[in-house]
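Asker: Protein sequences appear in the order of chains A and B.
Take 0 as the starting number for the first sequence in numbering that gives the first Met the number 0 and just add one per residue.
Take 0 as the starting number for the second sequence in numbering that gives the first Met the number 0 and just add one per residue.
Accuracy of the hints is not assured; some may be wrong.
Which copy is meant is left open, because identical chains are indistinguishable; a pair holds if it fits in one copy or across any two.
Unchecked claim - In silico lysine-lysine, BS3-like type, Cα no more than 30 angstroms apart, as pairs: (1) K230 to K200; (2) K24 to K209; (3) K24 to K134; (4) K200 to K174; (5) K86 to K105; (6) K134 to K86; (7) K222 to K174; (8) K68 to K191; (9) K210 to K200; (10) K174 to K80; (11) K24 to K174; (12) K191 to K210; (13) K209 to K191; (14) K191 to K147; (15) K230 to K191; (16) K174 to K147; (17) K147 to K24; (18) K209 to K174; (19) K174 to K210; (20) K24 to K200; (21) K142 to K191.
Derived by calculation from the structure, the hints in this document are not laboratory data.
Computed from a predicted model, the values in this text were never measured in an experiment.
There are 2 protein chains.
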Amino acid sequence: MHIPSEEGYIDQVSIHCVIFGYHNKQLMVLIPKLNYKGDFWALPSGFVYQDEDTDEAARRILQDRTGLKNIYLESFKTMGKSSRNSKDFIRQLTELNPNSLDDQTKRREDEWFTRRFIGIGYYALVDINRVVAQKHEIDQSIKWYPIKAVPQMIMDHNLLVDEALESICADLDRKQLAFHLLPETFTMSEVKELYETILEKSFAANNFPKKILELNALERLEKKFTGAANKAPYLYRFPKQSNPS
Amino acid sequence: MHIPSEEGYIDQVSIHCVIFGYHNKQLMVLIPKLNYKGDFWALPSGFVYQDEDTDEAARRILQDRTGLKNIYLESFKTMGKSSRNSKDFIRQLTELNPNSLDDQTKRREDEWFTRRFIGIGYYALVDINRVVAQKHEIDQSIKWYPIKAVPQMIMDHNLLVDEALESICADLDRKQLAFHLLPETFTMSEVKELYETILEKSFAANNFPKKILELNALERLEKKFTGAANKAPYLYRFPKQSNPS
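Use the sequences and the hints to build the structure in full.
Answerer: This is the structure in structure tokens:
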């Protein structure tokens, strides 16, 4: 089991990343499965170095799992229940994997890793085609799951996914979030499809482009070549592909 | 100087409360001034006990300053810069108040209080008439300031006020926030005035009631007695005056 070096980290504070992508009219979440007997899934998570901003810590964890440096992210919720610890998870894990932890490791875990943690939740929005998902040494696999089929994860990680989605829906226009999920160029009907997927409602085709263009977020490019010139849709580009750290 | 007992608290995590009230068509913020030479203002703040939820810690700090038990609050932002500490503040304070700290206190401060702190920002929305503002032992005064005239506070506390207001504006309808700022009963034109104050824009008198009633947040009561029966406006009540902890 990978035990964090507790030196240099802030005690009792963790970072959890909900990484969203978009594929085949589905919103997807990137989730690793731990390489142990038993089915343990957990959000890409980590800790904060003393000399590191929490945003930087989230970026480091995200880069580690996606290979991407410039990712749009937002902290959306801080989980602060006093009962929030990983004792149940560690107990289940060691019951199923009795020889996975040596005594010294176990003692360190008991002292550091199983204390109460305040969890800072970040969501990240990526172009799924740019991601090369990275397995950690502790992972059996790392996969994209449709948001409707996210596996049961440890601790409150499923709740974090729900809260992240709620936050994205609420801020979709104001923070111009959706476009981060699309490739470099896209058509208006692709934007409409994405909006309908995220918000789970339909938009009228005649009003939708106006609504989107009023966000002043997109550049219009040349028409997409389809062979039938007069029906070709315009291509659009979203210039700001990440937020500054 | 009041030094927190570091025993029992989570290290390097602080809570900061932006308490909003509404008076005379102005949004107000409750801010204490420290009882030291020099002008030091700071948001009502504190720390989190090991066996206490962060929401409970915020409630404790809020009750301490307002006398109110059931307050609507939301955590809106967690400040995570690695440079976020109170060293500058403590230095200025001790320069202006050279004898305020004894050596032992000073050493404890250097060790605990002046480390980097991750700050969890909460906003609270109160009926200003119900608040009996409570001075702390370290306060010279505690007062309501119009949001446009908030004094320069220590650390990033002014930024927290800005972010709290932004968050409230964004979630005003979705979270039915405004009504927490009103007294037990109110008229629709009082709601309109409040909305116009918070969002800094005008609403058309003929559309506004429909918009508000569609939130399904309010109970309509009897007409307000004004002497002129046919012109009397309805009174409304917002049943949910606090959120559960």
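Asker: Checking an output row: K68 and K191, CA cutoff 30 angstroms. Within, between, both or neither?
Answerer: within (28 angstroms within a copy, 46 angstroms between copies)
Asker: Between copies, within a copy, both or neither: which fits K174 and K147 at Cα up to 30 angstroms?
Answerer: Classified as both: same-chain Cα gap 24 angstroms, cross-chain 25 angstroms, threshold 30 angstroms.
Asker: Within a copy, between copies, both or neither: where do K191 and K147 come within 30 angstroms Cα-Cα?
Answerer: within (20 angstroms within a copy, 40 angstroms between copies)
Asker: Are the CA atoms of K230 and K200 at most 30 angstroms apart within a copy, between copies, both, or neither?
Answerer: So K230 and K200 pass the 30 angstroms test inside one copy only (26 angstroms; across, 41 angstroms).
Asker: For K147 vs K24, is the C-alpha pair at or below 30 angstroms within one copy, between two copies, both, or neither?
Answerer: Answer is within; shortest intra-copy Cα gap is 12 angstroms, inter-copy 45 angstroms.
Asker: How would you label the pair K222, K174 (within, between, both, or neither) given a Cα cut-off of 30 angstroms?
Answerer: within (27 angstroms within a copy, 41 angstroms between copies)
Asker: Regarding K174 and K80, is the shortest C-alpha distance of 30 angstroms or less found within a copy, between copies, in both, or in neither?
Answerer: both (28 angstroms within a copy, 22 angstroms between copies)
Asker: When Cα atoms must be at most 30 angstroms apart, do K24 and K200 count as within-copy, between-copy, both, or neither?
Answerer: within (13 angstroms within a copy, 38 angstroms between copies)
Asker: Can you give me the call for K142 and K191, within, between, both or neither, at a CA distance of at most 30 angstroms?
Answerer: within (26 angstroms within a copy, 49 angstroms between copies)
Asker: Tell me, please, which holds for K230 and K191 at an alpha-carbon limit of 30 angstroms: within, between, both or neither?
Answerer: Answer is within; shortest intra-copy Cα gap is 18 angstroms, inter-copy 47 angstroms.
Asker: Evaluate K134 and K86 at a C-alpha cut-off of 30 angstroms and name the case that applies: within, between, both or neither.
Answerer: Within one copy, since 24 angstroms is at most 30 angstroms while 41 angstroms is not.
Asker: At most 30 angstroms between alpha carbons: which applies to K24 and K174, within, between, both or neither?
Answerer: both (21 angstroms within a copy, 29 angstroms between copies)
This entry satisfies every hint, going by the numbered hints stated previously.
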